[in-house]
Amino acid sequence: MTAIAEPRRRAVARRPRFLLDRTEFMGPMFIAPAVLYVFALVGLPFLLALYYSVSAYSIFDPSYRFVGLKNLYDVFESDIFRHALWNTLMFTIGSQAIGLLLGKIGAMLLMKEFPGRGLARALVILPWAVPISLATLAWKWMFDSLYSVINWTLVAAGLVDVANQPQWLGQQDLAFAAVMTVQAWRLFPFGVIIFLAGYASVPKDVLDAATVDGAGFWRRNYQIIMPIIAPIVVIALIFGTVFTFTDLSVVYLLTMGGPMNSTQVLGSLAFQVGILSGDVAHGAMICLFMFPFLLVAVIVMLRALRRREI
Amino acid sequence: MNAVARRIGLTGSFYSAVVVLVLFAAFPFYWMLITSFKADGDLYNLQSIPYWFNAPPTLEHIEYLLQKTLFLRWVLNTAIIGVCVVAITLVVSLPAGYSLARLPGRGAENLGIGIFLTYLVPSTLLFLPLARIVSWLGLQDSIWSLVVVYPTFTIPFCTWLLMGFFKSIPREIDEAAIVDGCTMPGAFVKTILPLSLPAILTVVIFAFTLTMQEFVYALTFISSSDQKPVTLGVATDLVRGDVYYWGELMAAALITSIPVAIAYNLFLDRFISGITGGAVK
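If you read the protein sequences in the order shown, they are chains A and B. FYI, in numbering that gives the first Met the number 0 the residues of the first sequence are 0 to 309. FYI, in numbering that gives the first Met the number 0 the residues of the second sequence are 0 to 280.
Hints listed in this document are in silico derivations from the structure and should not be mistaken for laboratory results. As the structure is a computational prediction, the values presented were derived from the model and not from experiment. Treat the hints with caution; some may be incorrect.
Derived, one-sided and incomplete: chain B residues facing chain A with beta-carbon distance under 7 Å [claimed, not checked]:
id, residue
1, 19
2, 22
3, 46
4, 49
5, 89
6, 91
7, 94
8, 119
9, 209
10, 255
Distance ranges between label pairs, derived from CB positions [unchecked claim]:
id, chain 1, residue 1, chain 2, residue 2, range
11, B, 3, A, 209, 49 to 57 Å
12, B, 197, A, 157, 33 to 41 Å
13, A, 78, B, 261, 44 to 52 Å
14, B, 261, A, 73, 24 to 32 Å
15, A, 66, B, 39, 17 to 25 Å
16, B, 178, A, 211, 46 to 54 Å
17, B, 105, A, 32, 18 to 26 Å
18, B, 261, A, 169, 16 to 24 Å
C-beta: ideal position from N, C-alpha, C; glycine also.
With the hints as constraints, model all of the structure from the sequences given.
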């Protein structure tokens, strides 16, 4: 009797544990909340955005009436939109190029050992670490129309006449340059850090061997270091590009897209149309113009991540 | 002698370059600092040199900020949002990261990359539909809307960061616990979590600072002053019409920036290896 009963009891006791033991079962259970959260609050909103963009939904007409590609047509007809699209591209390319260049120069400077390097590194990182809305406010104050410290310095140095001070945020070209500068300023520390991390990952003996073999500074730089750190730099570049292409904080806080839409980017335009004017459908359509761009970025990123593993 | 002069010249240009770089990066923060403590008369006097105090420094801006504005309320809101988001992030990301690190095969890896890539989905693409979802949930104009939405970017990032960390813990440790009779969750809680305290601390810091830096969702979802997080409140409420309260604005920006800057500097290296996913060792 006991010989029969005992295995059965053990089997009953083990049954609930059976699933908890199994990696095949528990693994997916462990990851389910993350997947669900992301699906519910990234996936669904994205589908909703897709639907908004082909509907007539606005806060005045919450009927979700399907209008097909009318919004696409409307949006593309608008000069402001085309201007914003162009601005977004220029804003992204310009600030990334400056950021990357400054990042590389910064990393080459900070790579050397020198007294005060730790402090210099900490100060250089500040623009990237501190919340951008607060840092942008400091720039807005530095660009002030009356009390700009930049203008004061230019006047004191005799470069600018008091009566003809540049209105950084009031003239179209200057405003665009200002917005781009602040964005580059915000991003370049990230470049510095990534290049520094990359340089640190290059094996010292490889570099030494190359030097012994007669490779000069540029040859070491472009034929040894750059290929090794390329995947990391690509990842950093994509991060910076995506954040710049889609961001509106700097534009919103510095210029609100003005003067006369000269600094308007897709994000700020979508905010104005979709939230401030309540025309959600057109706002969503403007946002969707970011998507093809993002898709390309993601594909490049995936390749970089894959290459890393080899 | 010539070689010495050349060497001095090189060192000199090296240091000048460093100084220019540091000035470019840090000058706006110096400007925050000096503006915060300058008396208004000094601040708006075009005749005097702006780089230093021409009248004695004053605490009036900071006093005004603390007593006559909602600044402390915004700081409290940010703290509440941050703590809740960190809690949600940990509860969701820890098991997800562990499972991605331990599940065999290409599937888990692809899922990991997939979750990480949602970190790239920008708030500007989602803020319109999320504003709608937030109002369906009855959370519009409340800090809880941000508590619900912010994990959409902290979870992907932190899961990725934790996955990299868990991969560096030898499999034998938790496998031994399972052989000894632990269930998989038991082994995770008893052996892996205690070893992960540094990684958990890193995740806490980054989830918190990421929520502090977000601006678009806060701007979209919240319009009542007393529900704003500090970054939004400072940027929108210390401006009355066309009047900017520059002293108060800069003081608020400075006070809020200092802790974030310190946290970032302390945890920078982990952040980097987190983003590059262990590419840098």
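Checked hints:
1. Using the Cβ-Cβ criterion of 7 Å, the hint placing residue 19 of chain B at the interface with chain A is not satisfied: the shortest such distance is roughly 10 Å.
2. At a threshold of 7 Å, the smallest CB-CB gap from residue 22 of chain B to chain A is about 9 Å, leaving the interface hint violated.
3. The interface hint given for residue 46 of chain B is broken, as the beta carbon of that residue sits about 10 Å from the closest beta carbon of chain A, more than 7 Å.
4. The interface hint given for residue 49 of chain B is met, as the beta carbon of that residue sits about 5 Å from the closest beta carbon of chain A, less than 7 Å.
5. Hint status for residue 89 of chain B: violated, given a least beta-carbon distance of 11 Å to chain A, over 7 Å.
6. For residue 91 of chain B, the interface hint holds, since its Cβ comes within 7 Å of a Cβ in chain A; the closest pair sits about 5 Å apart.
7. With a least beta-carbon distance of about 4 Å to chain A, the hint placing residue 94 of chain B at the interface is held under the 7 Å criterion.
8. Annotation: interface hint on residue 119 of chain B holds; nearest CB of chain A at approximately 5 Å, less than 7 Å.
9. Among the interface hints, the one on residue 209 of chain B is violated; its C-beta lies about 10 Å from the nearest C-beta in chain A, farther than the 7 Å criterion.
10. Of the supplied interface hints, the one on residue 255 of chain B holds, with its beta-carbon coming within about 6 Å of a beta-carbon of chain A, less than 7 Å.
11. Evaluation of the 49 to 57 Å hint for residue 3 of chain B and residue 209 of chain A yields a failure: the beta carbon distance comes to about 30 Å.
12. The hint said 33 to 41 Å for the Cβ distance between residue 197 of chain B and residue 157 of chain A, and at roughly 55 Å that hint is violated.
13. In this structure, residue 78 of chain A and residue 261 of chain B meet the distance hint of 44 to 52 Å, their C-beta atoms being roughly 46 Å apart.
14. Taken as a hint, the range 24 to 32 Å is violated for the pair residue 261 of chain B and residue 73 of chain A, whose Cβ atoms sit roughly 48 Å apart.
15. Judged by the Cβ atoms, the range 17 to 25 Å given for residue 66 of chain A and residue 39 of chain B is violated: they are separated by roughly 54 Å.
16. Roughly 51 Å separates the CB atoms of residue 178 of chain B and residue 211 of chain A, a value that falls within the hinted 46 to 54 Å.
17. Our hint of 18 to 26 Å for residue 105 of chain B and residue 32 of chain A holds, since their Cβ atoms are close to 22 Å apart.
18. A hinted range of 16 to 24 Å for the beta carbons of residue 261 of chain B and residue 169 of chain A is inconsistent with their spacing of about 36 Å.
Violated hints for the displayed structure, listed by number in ascending order: 1, 2, 3, 5, 9, 11, 12, 14, 15, 18.
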